[in-house]
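Given next are the chains, with one letter for each unit.
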Amino acid sequence: MTSSPHAPQSVAYVRTEDAPILPPPANTTGLYGWARRNFLDSMTDFSDVGSSVRSVLMILLTAFLLWFGISQIWGLIKFVFIDGIWSNPTGARREACLTQAQGGLLPNDQTVGACWPYVAANAKLFIYGRYPMAELWRPNLVFLLLALGLVWTLWSRMPYRKIGAALMLVVFPMVAFVLLTGADLSAPKAFWYVWPLATAILLGLGWAGGKGMGGEAVKAFSGAFWGLGLFFAYILVFALAATMNWGLNSVTTRDWGGLLVTLVVALTGITASLPLGILLALGRRSTLPAVKILSVAFIEFWRGVPLITVLFMSSVMLPLFLPPGTSFNDLLRALIGVTLFASAYMAEVVRGGLQAIPKGQTEGAQSLGLSFWETTRLIVLPQALTLVIPGIVNTFIGLFKDTTLVSIIGMFDLLGQVSSTFADSSWATPVTRPTGYLVVAAIFFVFCFLMSRYSMSMEKKLRRGHAR
Amino acid sequence: MALRHLLCGVMAVGFGFAAVSTPASAQTSGSTLSAVKSKGRLDCGVSQGLPGFSNSDSAGNFTGIDVDLCRGVAAAVFGDPSKVRFRTLSAKERFEALKSGEIDVLSRNSTWTMTRDTQLGIIFAGVNYYDGQGLMVPASLGVSTAAELDGARICTNTGTTTELNVTDYFRSHGMSFELIAFEKTDEVGAAYEAGRCDVYTTDRSGLAAERLKFADPEGHVVLPEIISKEPLGPAVRQGDEQWLNVVKWTHYAMLNAEELGISSENVDQIRDEQAGLVSQGQGNQEIQRLLGLGDDFGAVLGLPKDWAYQVIKQVGNYGEVYEANVGPDTPLKLARGANALWTNGGLQYGMPVR
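Just so you know, the sequences run in chain order F and R. Sequential numbering from 9 applies to the first sequence in my numbering. Sequential numbering from 4 applies to the second sequence in my numbering.
Bound conformation, chain F alone:
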């Protein structure tokens, strides 16, 4: 045996080459390995009494959950697809979903599932409510523009997204308003004198302040004048569009219903509550007592009152306070109520984000010479808002589902419209109600799930989660 102290690797019991990389044991890989790691390990340990008891309990619990879950899902699939009534060749109504014993057309031994002819016959009602048939192209066009605009604005690969966002926020509401209502409203004559004047004054002050005219006071508030002036100008343009005759038949909001109302209320609430909420959150953190007290009072009032009460008050109490004969559009009541309500919640979500931004950020910005609004707009809000995306989307989703409460004031949102068809005796069957509720649930789920997924992708993109 020749060995050298300088070459210990040549010792016979030492490997001269790497051990072959073996595949992992068969019972730790693949489906079996996964199942073993996640389920079976906790069920197959009978090494002592305690473990055996745990294993037996785990087996029982797993079996129960499997049985429960599968039977529920199977029940749903069976009701919706297998037992569902898909064909209605004779054009019958409730008879299409009833057995002969119940006075219908189906054989007596058939289990009747979801009544799809009912959904097909009422689909128009579910989507548009009582919107006139001849004018359906108008909501359809609004839906199409909305879909295109959302894709343009929200999908990160689209070009010119800022233009898209501006169009969606500024032009789309006007287009949708004109198309859906038919416009041609009348505004009080005084409006046409007062409003343009106010707009001109505000814009003039803003311009003067920017030029350094009119002294310190005007200069300091130049930004605010600009902002307000632009807002006033927007309302003016909106009012012009709303009072112009576009040659469209007027459709009263009373005839709106279904998904249309749900989307109008939810989208208005969502788009208006975020900026309002941000202002309220800033106001609540303000050092100016008046602003702070007003913001706190607003937030606490609207958070302290149930939405159902707000809507009910607006519908029952408001007409008593107004002069007799004055009508206040129901949809507008709902929109204002829902928006104010949601903005209070939004304010608290945003405030949570503001509190998470260290003071150093503000101080750093100030040391660079940024003004309060520049600091807020460029440093604080971008960080704060990205932090609270989950909370914001949570509020949006809550708001979307709260729209069902507008049925309290006699508006027919999606749920209210579907429920109203339950009173139609020509479609009264034992399965009408479950079918209708399933359709509503599915539609709401799709919208809420999309919002939730979009927020998750935003979070991922902005990577503000400090995820571990």
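Possibly wrong hints are sitting among the right ones.
Taking lysine-lysine pairs in the BS3-like style, the calculated list, with each CA pair at most 30 Å apart, reads [as the list claims (entries may be wrong)]:
| id | chain 1 | residue 1 | chain 2 | residue 2 |
| --- | --- | --- | --- | --- |
| 1 | R | Lys-40 | F | Lys-197 |
| 2 | R | Lys-40 | R | Lys-86 |
| 3 | F | Lys-409 | R | Lys-95 |
Hints in this document: simulated from the structure, not taken from any laboratory.
Following the hints, position chain R against chain F.
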């Protein structure tokens, strides 16, 4: 800082916007009839969905006997039954909506009671459906009268008069019972069908509607007893007798038309026949007065001379409306019963046009 001003401004603008968007509508402080005429439509309050009374069909059109009463009033005023805007109202907001002037007629299966007639500032214009609270039991129970229901478990809605009525009825008959009350009609039906109670009680028309949703509708019977009076009818605001008369006489015109055998089908033919006879002083005077061939009975209501003709022609007589919405040929299958004409042993009695 500018923040304060911006905030105040935004709030001010918000209120300004709300005020501007308020549509200024016609004042109704004068007579309701002239207000209705000037706005060109009738605002009618109906339910959010009660089968046969007011519910919307798949096309979104309102149907039902409450709805047809409003269409009748519109036909009388405008000669056009489509000039009605229906306002769906919950039970809670219905009377407020009428009082505040949001609607001109409340035709929402509302029971005519003394309290409502005297204390709410409204007044009922007639009864277009005599309903009553009924009791439904499974046929398998083998019960044929309410007297056999001692110890029964009874399902009903909370907070309605049905709860009080059933309590009164059982107490006064010395029977024991257990009341199981639910918030929503759906829940009552589901609990009853699942066997949680032996009796389902609500208005008889409601029982007929709810039975349609049962898996085995023939397995349930409605007992003959009527345990409360529920006269349902249209209501208007107090203090406007002219408008009260318009609504009241529209209803009577439909009843009189049925009694005289005038329907939407034959009204033109009858009118032509009578028009030939009226100049000779012959023919049926009652028909001539109703159809506006003789003296002008429209002017006293502030309506056109042919007001009743328009109602009958475009909406139908009471019997037609009944048959189309709740009668035996509809899914509800409600027999005329108390709603038959007085000449057929019912309670519906049209005051004479004279």
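Open item on the list: Taking the earlier hints as the rules, which of them does this structure contradict?
Closed with: Checked against the structure, no hint fails, so every one of them is satisfied.
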